[in-house]
Amino acid sequence: MAKPIKVKLVRSPIGRPEKHRKVLQALGLTRMNREVSLYATAPIIGAIKKVNHLVRVTEGLEVARGQED
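Residue numbers (this note's numbering): 1 to 69.
Hint data in this document are derived by calculation from the structure and do not stem from the laboratory.
Incorrect hints may have been included.
[What the hints assert, rightly or not] Cβ pair distances, simulated, as ranges: (1) Lys50 - Ala2: 17 to 25 Å; (2) Ala42 - Lys6: 13 to 21 Å; (3) Pro43 - Glu18: 18 to 26 Å; (4) Thr30 - Thr58: 18 to 26 Å; (5) Leu61 - Ile14: 25 to 33 Å; (6) Leu61 - Glu18: 29 to 37 Å; (7) Ser12 - Ile45: 33 to 41 Å; (8) Val57 - Lys22: 14 to 22 Å.
[To be verified] Keeping only pairs whose Cα atoms sit at most 25 Å apart, straight-line, the calculated BS3-like set for lysine-lysine is: (9) Lys49 - Lys6; (10) Lys50 - Lys3; (11) Lys50 - Lys22; (12) Lys49 - Lys3; (13) Lys6 - Lys22; (14) Lys19 - Lys6; (15) Lys8 - Lys22; (16) Lys19 - Lys49; (17) Lys49 - Lys22; (18) Lys6 - Lys50; (19) Lys19 - Lys50; (20) Lys8 - Lys19; (21) Lys8 - Lys49; (22) Lys50 - Lys8.
This structure is a prediction, so every number in the text was calculated from the model and none was measured.
Quick reminder that beta carbons are idealized off the backbone N, C-alpha and C, glycines included.
The whole structure should be built from the sequences, with the hints applied where relevant.
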């Protein structure tokens, strides 16, 4: 099982390409300083790499969004 991570939007997507804004929306980051818990799967890591200049990633211990087993 992939380990849980927390992703926080720390820079504004205003003035960024539409692709970056769509990636942030797909990750659940719609507002500044919003933090979501996700599992570090390959698609999630790929999406984070596309917007790594806008987000901060830390380890998370709580259950990730939409991944309760």
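Now for the hints, and whether the structure bears them out:
About 18 Å separates the C-beta atoms of Lys50 and Ala2, a value consistent with the hinted range of 17 to 25 Å. Look at Ala42 against Lys6: about 18 Å separates their beta carbons, and that is inside 13 to 21 Å. Against the hinted window of 18 to 26 Å, the Cβ-Cβ separation of Pro43 and Glu18 comes to about 19 Å, which satisfies the hint. Restraint check, Thr30 to Thr58: a C-beta distance of roughly 19 Å satisfies the suggested window 18 to 26 Å.
The hinted window of 25 to 33 Å between Leu61 and Ile14 holds, with their beta carbons roughly 32 Å apart. The hinted range of 29 to 37 Å is satisfied by Leu61 and Glu18, whose Cβ atoms lie roughly 34 Å apart. As the Cβ distance of Ser12 to Ile45 is approximately 23 Å, the hint placing it in 33 to 41 Å is violated. Against the hinted window of 14 to 22 Å, the Cβ-Cβ separation of Val57 and Lys22 comes to about 19 Å, which satisfies the hint.
About 14 Å separates the Cα atoms of Lys49 and Lys6, which keeps this hinted pair within 25 Å; it holds. Annotation: proposed proximity of Lys50 to Lys3 holds, straight-line Cα distance about 20 Å (limit 25 Å). With a C-alpha separation of about 11 Å, the suggested pairing of Lys50 with Lys22 holds against the 25 Å cut-off. For the proposed pair Lys49 and Lys3, the alpha carbon gap of about 17 Å is at most 25 Å, so the pair holds.
About 19 Å separates the Cα atoms of Lys6 and Lys22, which keeps this hinted pair within 25 Å; it holds. Between Lys19 and Lys6, the direct Cα distance comes to roughly 21 Å. Compliance with the 25 Å bound is thereby established for this hinted pair. Only pairs whose Cα atoms come within 25 Å are accepted, and Lys8 paired with Lys22 is accepted, the gap being roughly 16 Å. Between Lys19 and Lys49, the direct Cα distance comes to roughly 13 Å. Compliance with the 25 Å bound is thereby established for this hinted pair.
Under the criterion of a C-alpha separation no larger than 25 Å, the hint pairing Lys49 with Lys22 is consistent with the structure, at around 14 Å. Between the alpha carbons of Lys6 and Lys50 the distance comes to roughly 16 Å, so the proposed pair stays at or under 25 Å and holds. Restraint check: the Cα-Cα separation between Lys19 and Lys50 comes to about 9 Å, which is no more than 25 Å; the hinted pair holds. Straight-line distance between C-alpha atoms of Lys8 and Lys19 comes to about 18 Å, which keeps the hinted pair within the 25 Å bound.
With a C-alpha separation of about 13 Å, the suggested pair Lys8 and Lys49 falls inside the 25 Å cut-off, and the hint holds. For the hint linking Lys50 to Lys8, the alpha-carbon distance of about 14 Å falls within 25 Å, and the restraint holds.
Hint violations for this structure: number 7 only, all remaining hints satisfied.
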